[in-house]
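> Listed below, chain by chain, are the residues.
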Amino acid sequence: AQKITQTQPGMFVQEKEAVTLDCTYDTSDPSYGLFWYKQPSSGEMIFLIYQGSYDQQNATEGRYSLNFQKARKSANLVISASQLGDSAMYFCAMREIPAGGTSYGKLTFGQGTILTVHP
Amino acid sequence: NAGVTQTPKFQVLKTGQSMTLQCAQDMNHNSMYWYRQDPGMGLRLIYYSASEGTTDKGEVPNGYNVSRLNKREFSLRLESAAPSQTSVYFCASSLVKNIQYFGAGTRLSVL
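Here the protein sequences come in this chain order: B and V.
Everything in the first sequence is counted per my numbering, starting at 70 for the first residue and increasing by one.
Everything in the second sequence is counted per my numbering, starting at 67 for the first residue and increasing by one.
If you're looking for bench data, these hints aren't it; they were derived computationally from the structure.
Bear in mind the structure is a predicted one, so any value in this text is a computation, not a measurement.
Examples of chain V residues toward chain B, derived with CB under 10 Å:
{"hint": "1", "residue": "Q103"}
{"hint": "2", "residue": "G106"}
{"hint": "3", "residue": "M107"}
{"hint": "4", "residue": "G169"}
{"hint": "5", "residue": "A170"}
With the C-beta cut set under 7 Å, the calculated list includes, among others, these residues of chain B facing chain V:
{"hint": "6", "residue": "Y119"}
{"hint": "7", "residue": "R164"}
{"hint": "8", "residue": "F178"}
Glycine is no exception: its CB is placed at the ideal position from the N, C-alpha and C atoms.
Turn these sequences into a full structure, and let the hints guide you.
This is the structure in structure tokens:
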């Protein structure tokens, strides 16, 4: 079973509008972290936002917010006021924190969603 | 702000040739990682190093070896390249909350 599922291969949004990119995850660990990365056409991976499983509030970073619904195991990325430069591939990823609480943790990535922002 | 630096950016190999991908970070991070990205797929972990002196296999380690040379540097070696190893390779490093910061990637083609 996939641990991270991004069901939208592609999304389109009009400039200045908001868009939600979906991500669901599967884990039995009580402690985990959820991440979103942006990959523009130039290829680099850019960290956007992080949500810990015990965080009480949804994470926000500028125009990015993470709609974290723990019971539904979803961690959707919301981009407000879309800009042309937001056109990119977006990846959701999860870190399962192993028992023993080591400081590292492998990231498991979803397959990504291509976002296209229209002028 | 160098961050994570990968060399080379592009490489073409013939089947059976060997090469080493270099990665260095200047953020004093403890953990470092090597991923590969294939078309239509997310990143898959090849090897990681939780701290200097340790390395562990990830999801797809076959055909690769790694060396954590010191805290800054983590190299990935292909001993005998195969066409199936044609991919984009990313190095990453992390410290707090495992927020991983990535290099620009190496595009490798094996003919």
